[in-house]
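Enquirer: Residue numbers (this note's numbering), protein chains in the order written: chain B, 1 to 286; chain V, 1 to 316.
Hints should not be assumed to be uniformly reliable.
To be verified - Quick look at which bits of chain V chain B covers, simulated, 3 or more residues with Cβ under 8 Å:
{"id": "1", "stretch": "52-62"}
{"id": "2", "stretch": "133-142"}
{"id": "3", "stretch": "266-273"}
{"id": "4", "stretch": "285-293"}
{"id": "5", "stretch": "298-306"}
Unchecked claim - Here are the in silico distance ranges between beta carbons for each label pair:
{"id": "6", "chain 1": "V", "residue 1": "A283", "chain 2": "B", "residue 2": "R186", "range": "41 to 47 Å"}
{"id": "7", "chain 1": "V", "residue 1": "S208", "chain 2": "B", "residue 2": "G76", "range": "55 to 61 Å"}
{"id": "8", "chain 1": "V", "residue 1": "V144", "chain 2": "B", "residue 2": "I210", "range": "24 to 30 Å"}
{"id": "9", "chain 1": "V", "residue 1": "L89", "chain 2": "B", "residue 2": "A156", "range": "57 to 63 Å"}
{"id": "10", "chain 1": "B", "residue 1": "R83", "chain 2": "V", "residue 2": "P155", "range": "52 to 58 Å"}
{"id": "11", "chain 1": "V", "residue 1": "G276", "chain 2": "B", "residue 2": "Q2", "range": "54 to 60 Å"}
{"id": "12", "chain 1": "B", "residue 1": "V75", "chain 2": "V", "residue 2": "Q282", "range": "35 to 41 Å"}
{"id": "13", "chain 1": "B", "residue 1": "V75", "chain 2": "V", "residue 2": "L305", "range": "40 to 46 Å"}
{"id": "14", "chain 1": "B", "residue 1": "Q2", "chain 2": "V", "residue 2": "G153", "range": "42 to 48 Å"}
{"id": "15", "chain 1": "B", "residue 1": "I163", "chain 2": "V", "residue 2": "V182", "range": "35 to 41 Å"}
{"id": "16", "chain 1": "B", "residue 1": "L60", "chain 2": "V", "residue 2": "P38", "range": "55 to 61 Å"}
{"id": "17", "chain 1": "V", "residue 1": "A283", "chain 2": "B", "residue 2": "P120", "range": "41 to 47 Å"}
{"id": "18", "chain 1": "B", "residue 1": "A257", "chain 2": "V", "residue 2": "A294", "range": "21 to 27 Å"}
{"id": "19", "chain 1": "V", "residue 1": "L279", "chain 2": "B", "residue 2": "I210", "range": "35 to 41 Å"}
To be clear, the hints were calculated from the coordinates, so they are not data collected in a lab.
Positions of the beta carbon are idealized from the N, C-alpha and C atoms, including for glycine.
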Amino acid sequence: MQEAALAIVSGLLYGCTLMLVATGLTLIFGVGRVVNFAHGTLYALGAFLGASIHAVAGLLAACLVAPALVAAMAVGLDVLIIRRLRRHGDMAVLLFTFGLGIVIDALITGIWGARSYVVPVPDALAGGVHVFGGQVSVYSIVLAVCSLAVTGLLVAALHRTRIGLYLRAAAENPAMAEIAGIDVDRAFTAVLAVGSAFAAFAGVLELPMIGASNGMDLTVTVLVFIIVIVGGLGSLAGAAIASLLVGVILTLGATYASSAAYLLLFAAVIGMLLIRPFGLIISRSE
Amino acid sequence: MTTLLGPRSNSPMSGRLSWFLGAMIAAAGVVAPLMAPPFTIHLLALVLCYGAWAMSFGLVMGQLGQTSFGHAALFGGGAYAAAWVALNLSDSLLAAIGAAGLFGMGMGMLLGIVLGRLSGVAFAIASLAFGGMVTQVANGWAEVTGGSDGLVGLPFPRLFGQNLDDRALYAVAAILAAATYVAITMVLRHRPGLLLHAVRDNPVRAASSGINVHAVRIVTLTASGLLAGLAGGVSAFIVGSVAPSSLDWSASGTVLVMAVLGGVGTVAGPLLGAVGYTLFEQALSQVLPNYRLAMGMAFIVVVLLAPGGMRARRDA
Numbered sequence: 001m002q003e004a005a006l007a008i009v010s011g012l013l014y015g016c017t018l019m020l021v022a023t024g025l026t027l028i029f030g031v032g033r034v035v036n037f038a039h040g041t042l043y044a045l046g047a048f049l050g051a052s053i054h055a056v057a058g059l060l061a062a063c064l065v066a067p068a069l070v071a072a073m074a075v076g077l078d079v080l081i082i083r084r085l086r087r088h089g090d091m092a093v094l095l096f097t098f099g100l101g102i103v104i105d106a107l108i109t110g111i112w113g114a115r116s117y118v119v120p121v122p123d124a125l126a127g128g129v130h131v132f133g134g135q136v137s138v139y140s141i142v143l144a145v146c147s148l149a150v151t152g153l154l155v156a157a158l159h160r161t162r163i164g165l166y167l168r169a170a171a172e173n174p175a176m177a178e179i180a181g182i183d184v185d186r187a188f189t190a191v192l193a194v195g196s197a198f199a200a201f202a203g204v205l206e207l208p209m210i211g212a213s214n215g216m217d218l219t220v221t222v223l224v225f226i227i228v229i230v231g232g233l234g235s236l237a238g239a240a241i242a243s244l245l246v247g248v249i250l251t252l253g254a255t256y257a258s259s260a261a262y263l264l265l266f267a268a269v270i271g272m273l274l275i276r277p278f279g280l281i282i283s284r285s286e
Numbered sequence: 001m002t003t004l005l006g007p008r009s010n011s012p013m014s015g016r017l018s019w020f021l022g023a024m025i026a027a028a029g030v031v032a033p034l035m036a037p038p039f040t041i042h043l044l045a046l047v048l049c050y051g052a053w054a055m056s057f058g059l060v061m062g063q064l065g066q067t068s069f070g071h072a073a074l075f076g077g078g079a080y081a082a083a084w085v086a087l088n089l090s091d092s093l094l095a096a097i098g099a100a101g102l103f104g105m106g107m108g109m110l111l112g113i114v115l116g117r118l119s120g121v122a123f124a125i126a127s128l129a130f131g132g133m134v135t136q137v138a139n140g141w142a143e144v145t146g147g148s149d150g151l152v153g154l155p156f157p158r159l160f161g162q163n164l165d166d167r168a169l170y171a172v173a174a175i176l177a178a179a180t181y182v183a184i185t186m187v188l189r190h191r192p193g194l195l196l197h198a199v200r201d202n203p204v205r206a207a208s209s210g211i212n213v214h215a216v217r218i219v220t221l222t223a224s225g226l227l228a229g230l231a232g233g234v235s236a237f238i239v240g241s242v243a244p245s246s247l248d249w250s251a252s253g254t255v256l257v258m259a260v261l262g263g264v265g266t267v268a269g270p271l272l273g274a275v276g277y278t279l280f281e282q283a284l285s286q287v288l289p290n291y292r293l294a295m296g297m298a299f300i301v302v303v304l305l306a307p308g309g310m311r312a313r314r315d316a
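Chain V on its own, in the form it takes in the complex (with noise of 0.2 Å):
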């Protein structure tokens, strides 16, 4: 049993290491509010959703196997139903959120039943396919969504009574990139963990030894984009609006940069991924204006180093 359930190769964060990185995200959200000027707290609030949905997105691609182009369209669908319920029905954070988790959940779900039996390259292909066209009824639906202006002065939500402001909301994201980062770790730690690498590894096998490999994957897919649009509810309230673009392939893309730069094989890694990728993005842009460029070739340099390393799977 011990070699079950204790650290195992293929996921080096756990054990302590995992523990300390998570009490240093426990006191970064206790110290940061108190001490950061406004818009650096601004920033790191979104540096925090942007960590949990690029955690929600590793579960997908490193723990799953399933390489998504559509992971947008969770995160952001999140964002718009928050948004949408704040505008529309109430000022709670927590209908905002829970409308976010829902429909995250339910993109999710749908994602899995449709592209579910597909893996490799075409459920990449796939998703993006799945991404486009969500994006593309967000830009269409003007009624509900906006059209291309998208969603637009959002509130400041109200929580137990009171109004929320970007500390608040910090503490939030902090709460949720924390509460993602131990749902995940304890998911993989136990059972579930081992279905999801058995359906990574080789789903023919684990087809054979009884998996439904399809139910494994829309499960995944929905707690994923649960997560995913929880993070995206909040993200919604600290950016103020939602639009389209948040929605399309680009920005599954720039997920999928973030975990892989991180290190999708690992739990954390998608989340300092994504806090490396914002901050450094923050740092760029001020002094190099097309510093896409350097992600970009940053990105290719970590595929070309470590084809493998990303967990490199046989597309049967």
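Looking at chain B on its own, in the form it has when it is part of the complex (with noise of 0.2 Å):
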């Protein structure tokens, strides 16, 4: 009994790490209609920057400055490529994104090399809580209370402030908000960057836990996508539901059926799908 509240807690920690690159994936593609499918990239270039930062400045400013500089990129893609790719159709922007994901892995080997950056946790935030016979690092728990008030954050400023009214009427009927003056554009380059900011900065919080390394986002981007997936596309609560589900599910699978753990997750996406084609939570703007 133990070990399975184990299992969860810990399944919840990584759930929240995951929402929040699922989080940014899904207010990419609810509002902006794109799918992003170099999310898992700029979550590796986030951390690879963040590494970077860290040897010079420290973590903290690694969490500020790599999340804005991958936002800096997103806002100059859109404005230069996407923007003008959009009215081919959504296809067109998502095979884009795929070829942009090939060439920013590209670079990141070019840059920083075949090799991996470890990054210590920081001292003040070292050490483990003693939960259920088992133990919990301290930095997992910040690390998934950051995420949590992020999203959190993110959602409040979706539904309680202007900027948030228009990006919801920019996603619900981009023409009617364009009438009603709202810059449909500027919209759509806000939330590519928020979203990949998001990435960036779950990239930045993970450096003291796995590091930085070649192939980092291969995973992360198969679960994201299952998390979005069942989540059903563009629904935030969805997302989040779905990030901590995904989460409890592989741990549980890990302590209890080892290596079928990922059998378990294909078995219960598969099984969703049949019943709910289109996710948990259908979304608004679906």
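Given two chains presented individually in distinct reference frames, assemble the corresponding complex, making use of the accompanying hints.
Expert: If you want it as structure tokens, here you go:
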């Protein structure tokens, strides 16, 4: 029983990190209608940038600067390319972001080389907490709190501020929003920037846990897309719930079914898709 | 009738050019093993497997209109099935490749049943997740799949009592690629081709004129899985091993890049793309360690130059 409780706790913590990446992806799709196949690569880019900034100015600076750099890059790409490509349909944009992922990944290898970067846990956040007969690191709790706080801020901003209102209007009906005086192009650019920053931020936050290494984005990309599918394309609430679910299923599976953890997830997702092909919660903007 | 059965505007490779290409492939299949050095034969055999795989992918992306990021699960799945049979059951090529085809078929059918109701970007994402999960199963289920090491040390298989070498495997791959090309071309010339294009061009209209869209997608993905599985099975013997990375979404992405670079709207385009990609990769990786950058750039250029040329689908 204790074992299960511990697995659930660490699953929830893991799910919180996934949530940060997944809500970024969901925001970009839900509002901007862009399926960003480079999202996982941006997560890795955030980690590598963060590792370099950490070496110069520490982890806090990395948390601020790396996401800002990635967001700036996203703005540039949107203004230069994605904005124009959008009128050729969702699939053209998806294929572009996929190619972009290959290019960024190749650039990461070119700049940082084929080696891993390790960042120590900050002294203030070292140590562990005893729960259910096991141990959970303080840092992973801080990470989960950060992730929840940022996701909460995003939801609050979307539903409680004027800019959030504009974004939701642009998502709901771009043409009508345009008539009402909202700069839809700028709204889309903004969500792409914020969503990309989320991915990069997650990459930086994960540095003391897993470091930065080539191929670190492969598994995260798959998990995040599973989450987005299970949660329902474009639904933030769905993505948040699905992140926690996936985290718990993976850790529970790893505890009790060792090698078959993913098989369990696989079965769960397939069952889910057969019953509800469009995800847990169908987004309103769908 | 002639308008229906004659060369259609959306398959410009049909007609004389396609038969010329087929003849070229056949001629190359006969001549190359007699002349080329061993490594070249090995490489060309692999290229033909990738070509057959890319054509089976082109059937799904170009003709059915479903952009899959999980196609490596069908090809790599076939490779795993062949390797498992070769290591555990029989040294017969036909048994191994038969298992590969069946397994690829099964994976394709599963993909169709589970995700066939989705289209456009939703299918792309879901198929990525599908491929990712298959990869993780291969990674985790070490008793059968060898875990992260994969299945290694495949012996050369036997056919009609003969031990096959690289040259013979080259011939098998060439026959497979030619058969794949002919099979897809034939299917597209006849009624099933019309069904595929009806579903691709407008699923809603197809459904309202009595076509079972989901069934068409299941059957096409199953057929594509058979072809991809066979190609994967042959490739396993050429490479001599199978690893989980042959299943994951970056492998699926590679076949997509091949097909798009070669021209996904045609039957032979993906084959040409696979040949070009693999040979280009071989040439570039010698001089330019970061050749993937060039590949990615080339892919982006194609997407930007021809966003509608890749049969832009309306994602209803």
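Enquirer: Taking each numbered hint in turn, which are not upheld by the structure, reported in ascending numerical order?
Expert: 1, 3, 7, 13, 15 and 18
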